[in-house]
Structures are given as structure tokens and as C-alpha cells.
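Next come the chains, spelled out residue by residue.
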Amino acid sequence: MKLLYFAWVKDRIGLSEETVSLPEQVTTISELLDWLSSRGENYASAINEGKTVRIAVNQNYAPEDRSITDGDEIALFPPVTGG
Amino acid sequence: MKLLYFAWVKDRIGLSEETVSLPEQVTTISELLDWLSSRGENYASAINEGKTVRIAVNQNYAPEDRSITDGDEIALFPPVTGG
Amino acid sequence: MIRVQSEDFDFGAEIKALSRDNHQIGGLCSFVGLVRDIHPDAENQAMTLEHYPGMTEKMLEEIEQEAQTRWPLEASLIIHRFGRLEPGDQIVLVATASRHREAAFESCHFLMDWLKTKAPFWKLEEVDGKGEWVEARDSDDKATRKWQQ
Amino acid sequence: MIRVQSEDFDFGAEIKALSRDNHQIGGLCSFVGLVRDIHPDAENQAMTLEHYPGMTEKMLEEIEQEAQTRWPLEASLIIHRFGRLEPGDQIVLVATASRHREAAFESCHFLMDWLKTKAPFWKLEEVDGKGEWVEARDSDDKATRKWQQ
Numbered sequence: 004m005k006l007l008y009f010a011w012v013k014d015r016i017g018l019s020e021e022t023v024s025l026p027e028q029v030t031t032i033s034e035l036l037d038w039l040s041s042r043g044e045n046y047a048s049a050i051n052e053g054k055t056v057r058i059a060v061n062q063n064y065a066p067e068d069r070s071i072t073d074g075d076e077i078a079l080f081p082p083v084t085g086g
Numbered sequence: 004m005k006l007l008y009f010a011w012v013k014d015r016i017g018l019s020e021e022t023v024s025l026p027e028q029v030t031t032i033s034e035l036l037d038w039l040s041s042r043g044e045n046y047a048s049a050i051n052e053g054k055t056v057r058i059a060v061n062q063n064y065a066p067e068d069r070s071i072t073d074g075d076e077i078a079l080f081p082p083v084t085g086g
Numbered sequence: 008m009i010r011v012q013s014e015d016f017d018f019g020a021e022i023k024a025l026s027r028d029n030h031q032i033g034g035l036c037s038f039v040g041l042v043r044d045i046h047p048d049a050e051n052q053a054m055t056l057e058h059y060p061g062m063t064e065k066m067l068e069e070i071e072q073e074a075q076t077r078w079p080l081e082a083s084l085i086i087h088r089f090g091r092l093e094p095g096d097q098i099v100l101v102a103t104a105s106r107h108r109e110a111a112f113e114s115c116h117f118l119m120d121w122l123k124t125k126a127p128f129w130k131l132e133e134v135d136g137k138g139e140w141v142e143a144r145d146s147d148d149k150a151t152r153k154w155q156q
Numbered sequence: 008m009i010r011v012q013s014e015d016f017d018f019g020a021e022i023k024a025l026s027r028d029n030h031q032i033g034g035l036c037s038f039v040g041l042v043r044d045i046h047p048d049a050e051n052q053a054m055t056l057e058h059y060p061g062m063t064e065k066m067l068e069e070i071e072q073e074a075q076t077r078w079p080l081e082a083s084l085i086i087h088r089f090g091r092l093e094p095g096d097q098i099v100l101v102a103t104a105s106r107h108r109e110a111a112f113e114s115c116h117f118l119m120d121w122l123k124t125k126a127p128f129w130k131l132e133e134v135d136g137k138g139e140w141v142e143a144r145d146s147d148d149k150a151t152r153k154w155q156q
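Protein chains in written order, with the numbering used here: chain W, 4 to 86; chain S, 4 to 86; chain C, 8 to 156; chain P, 8 to 156.
Rather than coming from a laboratory, the hints here were simulated on the basis of the structure. Just so it is clear, CB atoms sit at the ideal spot from N, CA and C, and this is done for glycine as well. Please note that a few of the clues may not be correct.
Cβ-Cβ distance ranges computed for the label pairs, FRET-style [as the list claims (entries may be wrong)]: (1) D145/P - Y64/W: 15 to 25 Å; (2) A49/P - D96/C: 41 to 51 Å; (3) S33/S - G90/C: 26 to 36 Å; (4) T76/P - P82/W: 37 to 47 Å.
Below, a sample of chain S positions facing chain C; criterion: calculated Cβ distance under 10 Å [unchecked claim]: (5) M4; (6) L7; (7) F9; (8) W11; (9) K13; (10) D14; (11) N61; (12) Q62; (13) Y64; (14) P66; (15) G74; (16) A78; (17) F80; (18) P81; (19) T84.
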């Protein structure tokens, strides 16, 4: 699975993207976030910061109960501030 | 008194402007309109058309009960349609 | 700033001049009104804008002043043309600049709505040589009233 | 039409191209967002816009499509820049053209409001070498919600 990070989520994790193999029990975004948080303090601080992280699956906004598979492109980022 | 006419008010009266001496009994816009209407069919048709004629006194919109004097510049015109 | 003129204007240059060197501007909203081709089958059509010289400038200045009272504006501009115009020609430009986008959007919209019912301009539509004065629309009065609530 | 680019754009030329040869357009509303000088005492300040290539274009296209569904538009354009910008630089251009002015004003305002909360851009403010991510504003969420009622 391809993971992309932007803005301060990227800064905290220390990566802009990575490719991971999902453990079998991870089938939703919510489970993905829990699993990522367990991978280290950098992930935990990026993901749990005030619950403000936004998620896109294959370049569309997605809710936390959305199912995911290994072929998806998942992005984690803060609320947007363009314009 | 200087009178100015615009758009279809001008077309019906047949003049774009004229200078008139007010009869003594004409002291408000309302009286001016009545007096003008009595001057001919062209004035009557321009002024009484659906009561839509607008009045400006010295280049400001004015209500019909507004007092007027010989030194004023009075304009009669249809509702505006610019922009 | 307001201008009443028969000549065309350069939209891009006007907007650039309006915001130049003012780095407090975060948003600039503008509106251009154009002459529409409402009689596609006509051989000739034109729009002639008559106005009341003197009162026009006075009303536009009052309208602009009112917008500056209601919103914190860094800059504003109204240009309105008069005379004979053809389909595609520019009639009016309204632009407002502010620190934030809401003030720019609202004040620009306000200026157009007010101008429509207060600035002494009258449109004469000419189609194949026959002229007719455009009638005022109720919707324009309504648009003005929404800013008075 | 949407464009995501690091280069600057020529506002006047873009607007001219948008309305050229379409004589059904009666009103054209546009908005330009500019980088503000929010730290006048700083020696150096800049704004760096990060974005999510691919998703940005997709979102802007969806937003533009939504505006075209809601209003009868003759033309529309969104240009959003990314990369390093300085005070006075143009960030974003939104323009809509319609037969009537209300549709132009409303759809342009709608596009800006939606873009603000849906297009994946993030602003990094840099002041004298120190960078800080700009926080999302509640007022932007509210501005988006008003179009959902």
C-alpha cells in the first residue's frame, strides 16, 4: 500500500511517502491509523494531534470506517489551507 | 428653473432640457408635475405613464413632497437601467 | 475611484493598477458587465447608454463611499461607460480589494446591485434600426433591498 | 477549465480569453487571492504552497463541475499556484461568466469557498527563516457550509 503524507503530518512522520504491507487485521482506515500510531512516536504524534488529520483514499476524501486494500493510495494530511 | 429629461421621458416630451419660470402656486415637485402635465399631451403622457417617473433635485433623488425653488435643477427620468 | 467614460477600458491593466504596491490586499473581487447578443438573428444590434452627467458621478461616488463605510476596503474602482456599444463590449467594471475574501466578494456584489438601481443610466436597445428603452427589472430592486436589511 | 501551476499567470489575459467570442456572456465575476504582507517588520517572508498532485486537479475539477451544475455558466476558470510565493504574488484566480450577474457572483463566491476547504493545498509561512504551517480557519468551514443549506 502506498502512503502519502503532507504538510505537518509529513514533517512529524519525517517522510513524504512510503510503501507498506498491511497486516491482515487492518481492513479499514481507522485500523490503519491505529496500526501506524503503533509504529513509533513520530506516527503517533502526527496522527493523534487533536484528531484533525484528514484522509484520502485514491485521491478522494474518505471517512474512517472506509474499507481499504493493499492496492490503495492513502494520503494523510492536515485540514487544507489553500486559496 | 432648469428642467432636464432623459430616456423615454425625453422622447415623449420632445426636449432634453428647458428653462421655465415657475408659477407662484408651484412649490413642490408634486405641484410641478401637475403643472407640467397641464402644458400639453406630450408632458402628460411622459409624466403620468404608470407613475414610474423618477425625480432628482440638484442631482439627488427626491420624493414628490420635496419643496423646490426657481434656482433648482430638476430632472425627470424613468427607473434607471445601467450596469 | 470612479470613472464615467465613453472609451473602452483595459480590464487587466485597471486591476493591476488597483492592487499594485499594496501588500495588505489578500483578495480582489471584480465584475465586468458585457453587452449580450440578445437578438442573434438581427443584422445590426447595438446598445446605447444615456446618462445624466454630473449626477452619475455623484451617485457612483456615494455608492463607493457607502461600500467603504460597510467593509474594510484597501481599494475600490467603478468604471461605467456611456454611448453606443455592441455585443461583446464592456459596459461596467466594479472591483474591490480587501485583506480578506469575504469583504471583497460582498462589497463588489453590493456595488453592482446598488449601481443598478441608483446610477442614472438608461439603456436603449437598437435592433435593425429600431430603438427601444430597456425596462427596469423588479429583480434589480430586490437585489438592492437585500443590502438594506 | 482548471490549472495547477507554479508559474505566475496574467490575470487580464486569462479573463479576456475566457469571454472572447462568447456574446452570450452578460456578467463575468472574478477573484484573485494574493499573498499578504502579514509581518511588515520581518526582513524576509514568504509563503510556500504544498499540494497533492493528482488529487488537487481532481478536486478542482469536481468543484468546477459542481458550480456548473448549480448555475447556468457560459465559462469558468480556476488557476491555483503552488511553490514559493512572496507578498503581493498571485495565489489563485477564480472566474465565472454567465448571462446574468447573480449567477456569476454566486458561482464565483461558491468556487472560492469550496476550494478553500476541499482543494488539497497547505500554506507554509516563512518569516526570517522560520517556517510555520498555517492553521485551517473555522470561518472557512462555515463559508463552505452556507452553500450546503
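Going through the hints against the structure:
1. D145/P - Y64/W: 15 to 25 Å: Once the Cβ atoms are compared, 18 Å apart, the range 15 to 25 Å for Y64/W and D145/P holds.
2. A49/P - D96/C: 41 to 51 Å: Because 45 Å falls inside the window, the suggested range holds.
3. S33/S - G90/C: 26 to 36 Å: Hint holds: Cβ distance 34 Å, inside 26 to 36 Å.
4. T76/P - P82/W: 37 to 47 Å: 25 Å, violated
5. M4: 16 Å, violated
6. L7: 7 Å, holds
7. F9: With a minimum Cβ separation of about 6 Å from chain C (threshold 10 Å), the hint on F9/S holds.
8. W11: For W11/S, the interface hint holds, since the closest Cβ of chain C sits about 5 Å away, which is under 10 Å.
9. K13: 8 Å, holds
10. D14: 8 Å, holds
11. N61: With a closest approach of 9 Å, the N61/S hint holds.
12. Q62: Constraint on Q62/S satisfied, holds at 4 Å.
13. Y64: For Y64/S, the interface hint holds, since the closest Cβ of chain C sits about 8 Å away, which is under 10 Å.
14. P66: Hint violated; P66/S Cβ to chain C Cβ min 15 Å, cut 10 Å.
15. G74: 16 Å, violated
16. A78: 6 Å, holds
17. F80: 6 Å, holds
18. P81: Holds: closest Cβ of chain C sits about 6 Å from P81/S, inside 10 Å.
19. T84: The hint holds - T84/S has a Cβ within 10 Å of chain C, the shortest such distance being about 5 Å.
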